[in-house]
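Those sequence lines, one after another, are chains A and B.
Numbered per this note's numbering, the first sequence spans residues 1 to 310.
Numbered per this note's numbering, the second sequence spans residues 1001 to 1310.
The reader is advised that the hints may include incorrect statements.
Here are the simulated lysine-lysine pairs, PhoX-like style, with alpha carbons at most 20 Å apart [unchecked claim]:
id, chain 1, residue 1, chain 2, residue 2
1, A, K148, A, K180
2, B, K1148, B, K1197
3, A, K304, B, K1180
4, B, K1180, B, K1304
5, B, K1182, B, K1081
6, B, K1270, A, K180
It should be emphasised that the hints constitute simulated quantities derived from the structure, not laboratory data.
2 protein chains.
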Amino acid sequence: MKKLVLPVLLGWLVLGMVFPGTAGAETGHRMTVRDVVNAIIRYSVGDRELPVNDRLIAGSYDTEVTGIVVTFMATVDVIRKAAELGANLIITHEPTFYTGGDATDWLENDPVYLEKKKLIESHGMAIWRYHDYMHMAQPDGIYAGLWKEIGWDQYLVSTDNPWIYEIPQTTLADLARFFKEKLSVGVVRIVGNPDMKVSRVGILVGGGSLGLGREEMPMQVMQQHNLDAVVCGEIYEWTLPAYVNDATMLGLNRGIIVLGHERTEEWGMKHMVAWLQPLVGDISVTFISAEEPFLYLTDGGILKGGQDVH
Amino acid sequence: MKKLVLPVLLGWLVLGMVFPGTAGAETGHRMTVRDVVNAIIRYSVGDRELPVNDRLIAGSYDTEVTGIVVTFMATVDVIRKAAELGANLIITHEPTFYTGGDATDWLENDPVYLEKKKLIESHGMAIWRYHDYMHMAQPDGIYAGLWKEIGWDQYLVSTDNPWIYEIPQTTLADLARFFKEKLSVGVVRIVGNPDMKVSRVGILVGGGSLGLGREEMPMQVMQQHNLDAVVCGEIYEWTLPAYVNDATMLGLNRGIIVLGHERTEEWGMKHMVAWLQPLVGDISVTFISAEEPFLYLTDGGILKGGQDVH
């Protein structure tokens, strides 16, 4: 991990010199939404100009920030909790309005949208999407948070690539149990022989396991890096699960563990508090979990995060 | 249902007159792969020329057919079982080689692909992808099979649209239990209040619930048709689940039930036997389940289709 942390620390020092006014605390300046966003962008990628979709989804860049909430997704409950905390800026990793681009033209007469918009406006809440910049950071901010949660930075095969790990040998079933417990996943989906041995593991968080526009990508990663197993966020049934299912039927040593989008990515936002807080001085920064969206109907009943709710 | 069945029956009669040689049985002719494929296409869409991706994935159109297997996906196990039955033609709804287009250039050195290819060739198996034509049939062949399995053709709101149903009022939890049992799903994912009342239901099978290229589509269907709940195949977490999650938090009556791709579409292939058999005379037609690809790790252990396997 040292190789990864060092450039970030150096970057910090440089930023502190070049943009001394950014961290409102030191100067006593009040910070606007724009100030906070700029501080986050500079922390993530420095002054590189990059093509991103990250943008202000609600509110104004000129609003003075009273408190910040960071979250995987600005759900209605997250917005309510943020307002209760006196925060008026939510930094969200994923969309607020149900499509990748947060377009709202199709929602103009939709009651869910209209009620959520009213809620946002009634609290004067600004919402900024922090997705692309976070993944472009070195290291990727989502993986960096996941490492803090599961301690796997020590197993990274190369610091050039946050996907590939070599871990002490275990089984697919035990690896699935590890992730279920560590990341509090209600039900984990597995493809492969539960008893298969696993030491080389890939992790493709969030939508990355869909292939980022190339359906074959996750399988190529598996093949090129000689992985026994891949831990996935979202999945298309006809790609990696089908591939690993065939591999298993052929007696080849392949498995996947599917944890879902929110459960693989929320950790980047949770551990964002530690690096964002010093950038914004005495403005309170709070992580709020968006929580796994699914309930699970098993033969034993309906569970949420492993708890019986029905 | 009568309105839907009648045109199909009429189509049948017409086909029988125009293509009397298609149904090998009556004439005693042997059938090639091409003959069987042509019979399926004509049954599905008549003589309409349509842009489709359906094509021969393995084998030759000129091979004489000894037996036919129909399946959701030509997995390694399905191919082995087909060979045991003496079949040499598999009609598969979904890809054989792990991407939507069944491209194999990226797989040339992949051991899973090479082993599967060897298996296919060793049995002289032909595999034909029957996807687009099946969904283009009137009614859509996948939905028609699902109706046979769950008896919901009686609840169709309009025969113009196989997605929208009005059912006797139930709850989201009971509806999820109904599908879990009827379609033998290991674990069903739910978003919404389990106690919410449900009477207007959408069903978007397979990848349809991903939006068919428009992420907003499933939510627009829900809104435009005033649906309480949508039963889904595959899902992107940031679209319909996020929308329904927010709706639930706002006290609006919305829910989804996620069953997976294979579990929602396999029924079209199962019930294909009944209409394909008369088209191919004494050639045996057998449905083989591709089976749900996932095992489920719950707090109670690892389950497959609700059965403890580990």
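A quick look at each hint next to the structure:
no.: 1; hint: A:K148 x A:K180; in the structure: holds (16 Å)
no.: 2; hint: B:K1148 x B:K1197; in the structure: violated (25 Å)
no.: 3; hint: A:K304 x B:K1180; in the structure: holds (17 Å)
no.: 4; hint: B:K1180 x B:K1304; in the structure: holds (13 Å)
no.: 5; hint: B:K1182 x B:K1081; in the structure: violated (25 Å)
no.: 6; hint: B:K1270 x A:K180; in the structure: violated (35 Å)
In terms of the numbered hints stated before, the structure departs from hints 2, 5 and 6, listed from lowest to highest.
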